[in-house]
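Q: Please build the complete structure, drawing on both the sequences and the hints.
These protein sequence lines are chains A and B, in that order. The numbering of the first sequence is our numbering, which starts it at 81 and goes up by one. The numbering of the second sequence is our numbering, which starts it at 81 and goes up by one.
Keep in mind that the hints were calculated from the coordinates and are not lab data. Fair warning: there could be bad hints in the mix.
Derived pair list, reagent style PhoX-like, types lysine-lysine, alpha-carbon separation capped at 20 Å [to be verified]:
(1) B:Lys127 to A:Lys134
(2) B:Lys480 to B:Lys127
(3) A:Lys101 to B:Lys213
Number of protein chains: 2
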Amino acid sequence: MAKGLPKRSEDYSAWYNELVKKADLAENSAVRGCMVIKPYGFAIWEKMQQTLDKMFKDTGHSNAYFPLFIPKSYLSKEADHVEGFAKECAVVTHYRLKNAEDGSGVVVDPDAKLEEELIVRPTSETVIWSTYKNWIQSHRDLPLLINQWANVVRWEMRTRLFLRTAEFLWQEGHTAHATRGEAIRETETMLDVYATFAEEFMGVPVVRGIKTENERFAGAEETYCIEALMQDGKALQAGTSHFLGQNFAKAFDVKYADQNNELQHVWGTSWGVSTRLMGALIMAHSDDEGLVLPPQLAPIQVVIVPIYKGEEQLNMIAEKVSVIRKELMKKGISVKFDDRDTLRPGFKFADWELKGVPVRIAMGARDLENNTVEIARRDTKEKATYPLDNVSETVEQLLKDIQENIFNKALTYRDEHITKVDSYEEFKQVLDTKGGFVSAHWDGSGETEERIKDETKATIRCIPLNNEQEEGTCIVTGKPSKQRVLFAKAY
Amino acid sequence: MAKGLPKRSEDYSAWYNELVKKADLAENSAVRGCMVIKPYGFAIWEKMQQTLDKMFKDTGHSNAYFPLFIPKSYLSKEADHVEGFAKECAVVTHYRLKNAEDGSGVVVDPDAKLEEELIVRPTSETVIWSTYKNWIQSHRDLPLLINQWANVVRWEMRTRLFLRTAEFLWQEGHTAHATRGEAIRETETMLDVYATFAEEFMGVPVVRGIKTENERFAGAEETYCIEALMQDGKALQAGTSHFLGQNFAKAFDVKYADQNNELQHVWGTSWGVSTRLMGALIMAHSDDEGLVLPPQLAPIQVVIVPIYKGEEQLNMIAEKVSVIRKELMKKGISVKFDDRDTLRPGFKFADWELKGVPVRIAMGARDLENNTVEIARRDTKEKATYPLDNVSETVEQLLKDIQENIFNKALTYRDEHITKVDSYEEFKQVLDTKGGFVSAHWDGSGETEERIKDETKATIRCIPLNNEQEEGTCIVTGKPSKQRVLFAKAY
Ligand SMILES: [Zn+2]
Ligand SMILES: [Zn+2]
Numbered sequence: 081m082a083k084g085l086p087k088r089s090e091d092y093s094a095w096y097n098e099l100v101k102k103a104d105l106a107e108n109s110a111v112r113g114c115m116v117i118k119p120y121g122f123a124i125w126e127k128m129q130q131t132l133d134k135m136f137k138d139t140g141h142s143n144a145y146f147p148l149f150i151p152k153s154y155l156s157k158e159a160d161h162v163e164g165f166a167k168e169c170a171v172v173t174h175y176r177l178k179n180a181e182d183g184s185g186v187v188v189d190p191d192a193k194l195e196e197e198l199i200v201r202p203t204s205e206t207v208i209w210s211t212y213k214n215w216i217q218s219h220r221d222l223p224l225l226i227n228q229w230a231n232v233v234r235w236e237m238r239t240r241l242f243l244r245t246a247e248f249l250w251q252e253g254h255t256a257h258a259t260r261g262e263a264i265r266e267t268e269t270m271l272d273v274y275a276t277f278a279e280e281f282m283g284v285p286v287v288r289g290i291k292t293e294n295e296r297f298a299g300a301e302e303t304y305c306i307e308a309l310m311q312d313g314k315a316l317q318a319g320t321s322h323f324l325g326q327n328f329a330k331a332f333d334v335k336y337a338d339q340n341n342e343l344q345h346v347w348g349t350s351w352g353v354s355t356r357l358m359g360a361l362i363m364a365h366s367d368d369e370g371l372v373l374p375p376q377l378a379p380i381q382v383v384i385v386p387i388y389k390g391e392e393q394l395n396m397i398a399e400k401v402s403v404i405r406k407e408l409m410k411k412g413i414s415v416k417f418d419d420r421d422t423l424r425p426g427f428k429f430a431d432w433e434l435k436g437v438p439v440r441i442a443m444g445a446r447d448l449e450n451n452t453v454e455i456a457r458r459d460t461k462e463k464a465t466y467p468l469d470n471v472s473e474t475v476e477q478l479l480k481d482i483q484e485n486i487f488n489k490a491l492t493y494r495d496e497h498i499t500k501v502d503s504y505e506e507f508k509q510v511l512d513t514k515g516g517f518v519s520a521h522w523d524g525s526g527e528t529e530e531r532i533k534d535e536t537k538a539t540i541r542c543i544p545l546n547n548e549q550e551e552g553t554c555i556v557t558g559k560p561s562k563q564r565v566l567f568a569k570a571y
Numbered sequence: 081m082a083k084g085l086p087k088r089s090e091d092y093s094a095w096y097n098e099l100v101k102k103a104d105l106a107e108n109s110a111v112r113g114c115m116v117i118k119p120y121g122f123a124i125w126e127k128m129q130q131t132l133d134k135m136f137k138d139t140g141h142s143n144a145y146f147p148l149f150i151p152k153s154y155l156s157k158e159a160d161h162v163e164g165f166a167k168e169c170a171v172v173t174h175y176r177l178k179n180a181e182d183g184s185g186v187v188v189d190p191d192a193k194l195e196e197e198l199i200v201r202p203t204s205e206t207v208i209w210s211t212y213k214n215w216i217q218s219h220r221d222l223p224l225l226i227n228q229w230a231n232v233v234r235w236e237m238r239t240r241l242f243l244r245t246a247e248f249l250w251q252e253g254h255t256a257h258a259t260r261g262e263a264i265r266e267t268e269t270m271l272d273v274y275a276t277f278a279e280e281f282m283g284v285p286v287v288r289g290i291k292t293e294n295e296r297f298a299g300a301e302e303t304y305c306i307e308a309l310m311q312d313g314k315a316l317q318a319g320t321s322h323f324l325g326q327n328f329a330k331a332f333d334v335k336y337a338d339q340n341n342e343l344q345h346v347w348g349t350s351w352g353v354s355t356r357l358m359g360a361l362i363m364a365h366s367d368d369e370g371l372v373l374p375p376q377l378a379p380i381q382v383v384i385v386p387i388y389k390g391e392e393q394l395n396m397i398a399e400k401v402s403v404i405r406k407e408l409m410k411k412g413i414s415v416k417f418d419d420r421d422t423l424r425p426g427f428k429f430a431d432w433e434l435k436g437v438p439v440r441i442a443m444g445a446r447d448l449e450n451n452t453v454e455i456a457r458r459d460t461k462e463k464a465t466y467p468l469d470n471v472s473e474t475v476e477q478l479l480k481d482i483q484e485n486i487f488n489k490a491l492t493y494r495d496e497h498i499t500k501v502d503s504y505e506e507f508k509q510v511l512d513t514k515g516g517f518v519s520a521h522w523d524g525s526g527e528t529e530e531r532i533k534d535e536t537k538a539t540i541r542c543i544p545l546n547n548e549q550e551e552g553t554c555i556v557t558g559k560p561s562k563q564r565v566l567f568a569k570a571y
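A: Here you go:
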């Protein structure tokens, strides 16, 4: 229950952790850094999956499945890639246990040592490109547009539910193309898919941009990203789409015969979003009473709570509710009738608020008399009495309004938290007080970027796409700059 | 292409392996025993998943997600369970790689050794029951009905695509109940779900039964199973549903306060089907020309092949095809128009036969004149000319007929291959010549079962549910027996 949920203004971080647990979204497991995604949390993730999966298929992609394990040697084939991932790999070294001689349990059987160690995939470029080598011979085999839904493991030292876990769930698209231009278009198309999903379904406005060289994916020529802003003023990278150039094609020798029958290396992309989106969804909208879910992703869109004395009244209410339910379901709206008889209405109200159900309908004795219901919306907490006659139309419209309002609220907050600064002093001050994105001139060097990160913990979140070109000078070195970039402290 | 597909009668095993590869279903990866599921194969698996997932939800289950890794010590908590799984575990011992000092690549960093080794889940009872301990306090928390879709790893020495792979995809249901009776009912309900899925969607008739003690799941009190028969006379276990009694509840100390506020251990079940079903689907129906897919699970139900000379004719055909397509899609039928211009119709026909598309529509110059199409069914290879007017009704009916025919054909074969025998001689002879299920009396002892297995490679597939009770004597020991059981060589 909401009792005990810390206030955002007092301890945002504790508020998040408690909310994730109390709303039954996820919890830590006995294995360090690995989470259990609970049924209610998983139902939200399933909605995300279904929506994204359809968007991927509508843009021509097919799903497939590649192995969990990667031979250690594969990781080294692309020089940047191994640097990026070797330090956080779960390594399988043996394939059998045996009984301990002292009877204390089971131990690793030293005779069952693998000749070559296997890495639990941190991402699948290497194993997928080693497969593509056999799938691609001719230009007729291109483009190859494949996605996989999978679990991946990166051995993080400091973990937080959804935001940073050793194992997480994600999708990873891996495509191969005949030309550089086509691969870049694919990279941009998928960034657009992610941005559309974030804004129209999650209700989270995002900045589309590209990463600096320092922040680029290990093995990519260019990393595109969408960046969202959380209520505490920290940014969150919500999805990335990588133009891989010919790096993996060269590392795994993937070539196609072009129209003139000449062999060419193919061009690649990869792109992914993960259960991290759950963290973004939770942090972007929720309040001190609990989750606020956008109707598009809410597993339960409407909850109906009866307020009654005695079984007879409950039966009368239940009869009317069953009509409402049918009408709502006919419109594709998901409904739960909470007729648990051991709990009081007030408790139920708080419980469904905590769980973020967008619309709550209450029906009591007076409503029975007047043929009305009370409808409350989760986002604004407004409530009003409506005639029973066209409840389903009222609710349908309300769900649309809520979806829009949630987005607009987040958009206003985000737009108010992009601050232009022209000195390093101002930069630090904004970061420390107001937070959010800080838009500043930067000299384009990795050293300056590194220095700012060391001194302020802020990183360059992205160079926005279609960025305004503007002459200026770097806030740190005073060197000339042609455009502002977005800095922020980030998750 | 079908060219080079071995005949079933000559080498069934080679036929299967080649079919899986040539029909683009799956292939071996560079990692021993791990497969790559290719887009066409994965599309079939997705159809299976969607269908089963709906059936699970309709029976009250929710999805969740539990960690990939299991602490080594967890595995030992249930005595039978560890015996069953310790010998085939992938073991994670380290969490970091580093550059080799000789510059030869990356090596395991000895400083990054885990305090306790982690097992890649071979099945998740232990990690799930350790979680349920915190989720279950009161009878109001029961029943707990959870499923997860996941990858699991069992280090098999001899592997075959889909049938036996080190990593495979599956779903595992894990439920907890207040009473023994309710848990048994759940076990049986899920067995029913699996049987219904196998018969109505896969078109594969199954025997519902229970396993002998020798063949029981490690940690179960009773294992229920569905057993299917392949075209080579070998059986295949297509799904299992386990009544766990209180074994895991006791191992992980999971108790609930009953209505009288007394603490009781809960009762458990677990149940699963895996990508092994893909193997069953392929082997049950396919022929020497390739896959035969039941319409209910075919990713493409209808393929339309134009037979034309010149672009003008193609355009005229394409115009009519677009009308047919729309009508079929309105009926929820999936259609592909194969207008690839570099391939001849005969090649396309063979290609779609190989891929098992249930219905093929061809349209040529004469069809244009006569307002007709040629429709061919994949299962019987019958074809005929039909008027264009009500093609969608014709196809709709045909898909139903094919689904039914595939099942009936498999059922007839299966029923003809259940042979009653009353002596060990006859038993061996039937196994060696006719194959299939052999129905025989057995004295009920594990030793006799073991001896038969050693001498004939046949195992007891199951004791059928609602088995006819019949006095007899064990074919090996002559000891008294009250019922026949089903033996077979199996995958
Ligand atoms: Zn090369
Ligand atoms: Zn106990």
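Q: Confirm or reject each hint.
A: Here is how each hint holds up against the structure:
{"no.": "1", "hint": "B:Lys127 to A:Lys134", "verdict": "14 Å, holds"}
{"no.": "2", "hint": "B:Lys480 to B:Lys127", "verdict": "17 Å, holds"}
{"no.": "3", "hint": "A:Lys101 to B:Lys213", "verdict": "16 Å, holds"}
Checked against the numbered hints given earlier, the structure satisfies every one of them.
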